[in-house]
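Undergrad: Given chain A's structure and the hints, the job is docking chain B onto it.
As you go down the protein sequences, you meet chains A and B in turn. Heads up: the first sequence runs through residues 1 to 391, numbered per the numbering used here. Heads up: the second sequence runs through residues 1 to 391, numbered per the numbering used here.
Hints in this document: simulated from the structure, not taken from any laboratory. Any given hint might turn out to be false.
[Said to hold, decoys possible] Here are some chain B residues the structure puts well away from chain A; computed CB gaps all over 12 angstroms: (1) Lys44; (2) Gly50; (3) Phe63; (4) Ser167; (5) Leu302; (6) Phe317; (7) Lys328; (8) Thr362.
[What the hints assert, rightly or not] Restricting the straight-line Cα-Cα distance to at most 27 angstroms, the calculated cross-link-like pairs of lysine-lysine (DSSO-like) are: (9) A:Lys16 <-> B:Lys311; (10) B:Lys343 <-> B:Lys232; (11) B:Lys80 <-> B:Lys44; (12) A:Lys373 <-> B:Lys16; (13) A:Lys27 <-> B:Lys127; (14) A:Lys311 <-> B:Lys328; (15) A:Lys232 <-> B:Lys311; (16) B:Lys127 <-> A:Lys21; (17) A:Lys311 <-> B:Lys16; (18) A:Lys225 <-> B:Lys311.
Computed from a prediction, not measured in an experiment: that's the story for all the values here. Yeah, the Cβ is synthetic: ideal placement off N, Cα and C, and Gly gets one too.
2 protein chains.
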Amino acid sequence: MAIKEYYTPTHVYFGKGAEDKVAEVLKSNGAHKVLVHFGSGSVKRSGLLGKVEAALTEAGIEFTELGGVVPNPRVSLVRKGIALVKEQGIDFILAVGGGSVLDSAKAIGYGAYDGGDVWDFYCRKRKVEGTVPVGVILTLSATGSEMSDSSVITNDETDPVYKRGVSTDFGRIKFALLDPELTYSVSRYQTACGATDICMHTLERYFHQGYALDFTDKISFALLKEVMESAKVALEHPDDYDARANLMWCGSLSHNGLTGAGNETNGDWACHQIEHELSAEYDVAHGAGLAAVWGSWARYVLDVDPSRFSKLGEGVFGESDPVKTIEKFEEFFRAIEMPTDIKGLGLDFDEEACRKAALGVTFGNTRTIGDFKVLDTEDIFNIYMMASGLK
Amino acid sequence: MAIKEYYTPTHVYFGKGAEDKVAEVLKSNGAHKVLVHFGSGSVKRSGLLGKVEAALTEAGIEFTELGGVVPNPRVSLVRKGIALVKEQGIDFILAVGGGSVLDSAKAIGYGAYDGGDVWDFYCRKRKVEGTVPVGVILTLSATGSEMSDSSVITNDETDPVYKRGVSTDFGRIKFALLDPELTYSVSRYQTACGATDICMHTLERYFHQGYALDFTDKISFALLKEVMESAKVALEHPDDYDARANLMWCGSLSHNGLTGAGNETNGDWACHQIEHELSAEYDVAHGAGLAAVWGSWARYVLDVDPSRFSKLGEGVFGESDPVKTIEKFEEFFRAIEMPTDIKGLGLDFDEEACRKAALGVTFGNTRTIGDFKVLDTEDIFNIYMMASGLK
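This is chain A alone, in the form it adopts within the complex (with noise of 0.2 angstroms):
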């Protein structure tokens, strides 16, 4: 059995008000010129943005804004990002807004670190050698990004557009400044979004092939139970301090490695591939993309273990029937009004788009993915097919 790494450096500042340490953490990390990295405005909107620089001002801290960060964030900006860092002699990245940010602030921070292409990273061809510090004030609970090793970014200078990730350790960030209050205006979609995320990031761990730690297991079940009771809370109170908080570390802790730590493998993840392949080509939202397809993915891969399924049954919903067990997760998907297919994505598929799709996901046949069960290019277009209602 393979010695398993857990490894979550990230200082974490947690509560009310996380993120009036800014300045302070800043400093006792050691920054003198900061990129302030934003998405579309809506932190300047709500006053946050405008408080953070205030407190980097008050402190002595010169800083450079760099907004306009996309869901599915886009190369493009990475490049503007690591030509600022670069020119300007940034020392400190710091991201304000959610995972997609914060994946963009990590992306420059590798490329401004070394001296080739940023996108090499991403499509496998260079390591990652170092980074330039990067620090997030979180305001979406959803991708984990603020204490993953992963980044994710979306290449909108080719044809098809690719969307990538990259894990490594220098994608542990110095510091998340977690302010359960700051997701308080997230709108219902992206609540519900960021809980699928959330559970999908357990969910894809707790599959896989080999020995598995009970421990992690048990910490999974308390983790996927939060969160669907959180989820709904949240929808309906979104000022509710309880549900967006236990989001929140729900979140953070779903992808730090903590629900994999002592298993054989570091899991499944076929249903992220299969989504990244239509929030590539088609920009849906990521959470959105992961609920549709992952009762077909579960359906299809079920026979290779249904006492996994049983155990997650039991565990979460005190019911051990494995196609139940399916069945309770797309009722909390619908009840959280997320798609539990293809179409409820607003997406037409035919035969054909999933044929391409598939071939999308092993890069033309030349890969496969998955864990529990590795999928070919033939198990994922059966897979987008019953996504789809066409089998």
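TA: Same frame as chain A, now just chain B:
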């Protein structure tokens, strides 16, 4: 509400043969000359020490041995270690053993980094300002020192002897090599003591005033359930990998901050203080001492908030009656052959002994302890009396 920090930078390598990584990991941490610190010699007899030293020699890493750490580790040996580190220019301390060895290694690290008296840190005269880096090959699942920020040392140079702990981020060690197989040879008694200590690190955090994050409670319940299941299995089958692996990982996560994350305070910790007085003065095993006093503490503080006990009982035993919850934990302690009163420790306490111990805990009536309920000397006296069957 206070902002809560969560900081667990220790790089963990978990699984069979994790100790084989030692030379590689020492090198990646820049170690050139290592103090190999250990205890009574069981690591010599088992062959582990020889294996580790052979690996270091092969990798060209110099080392010096310092054995002789005892349970409730002594400041006198710490002073020897500090002198060795300074004289020989040692740049890394490798603990090979359990929590006592690691706590001693941490103390050596603090003292060797600093010019003054190491005991000053433990009696709160000065703050730890840095450390010689430390790593561990763990052979006992108990104290959680491998991921915690704390170190507990006994001053054997004074009369009466003092047992004091210090918590600092410098106590977060560089790496922990966790191989559950190394704990197969741990005795029934030490396995049970360790399991009790692990439970208590979570129970101490669970009982607190102010805001509680529900997800943290759920993780705590998962951990307590796992320890209880796995401890019983490990007593029956000492070489059961699953049981040993679950206990080991529970031990690390029970004291790294996870089971208190997002909560208003850092927990109660009264039982630890009440127990430390027993193990300092009478050298009883820490875990056994905790089991001996917990039930009395719980009955004494129950009225503060019975609902907290109900939630615990519901989460762990599916039983929400507060008194029955206390009884169920005591049943577990008895099932693993731990005492549930002071007599069970082999101590015959009278009223005077209770009074003396209570005054010891409050440093001669100069402090209070506890958070769920703040306890003064009289309260602690009452708890000792209850635990001695005198009240």
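Undergrad: Determine which of the earlier numbered hints do not hold for this structure and return their numbers in increasing order.
TA: none
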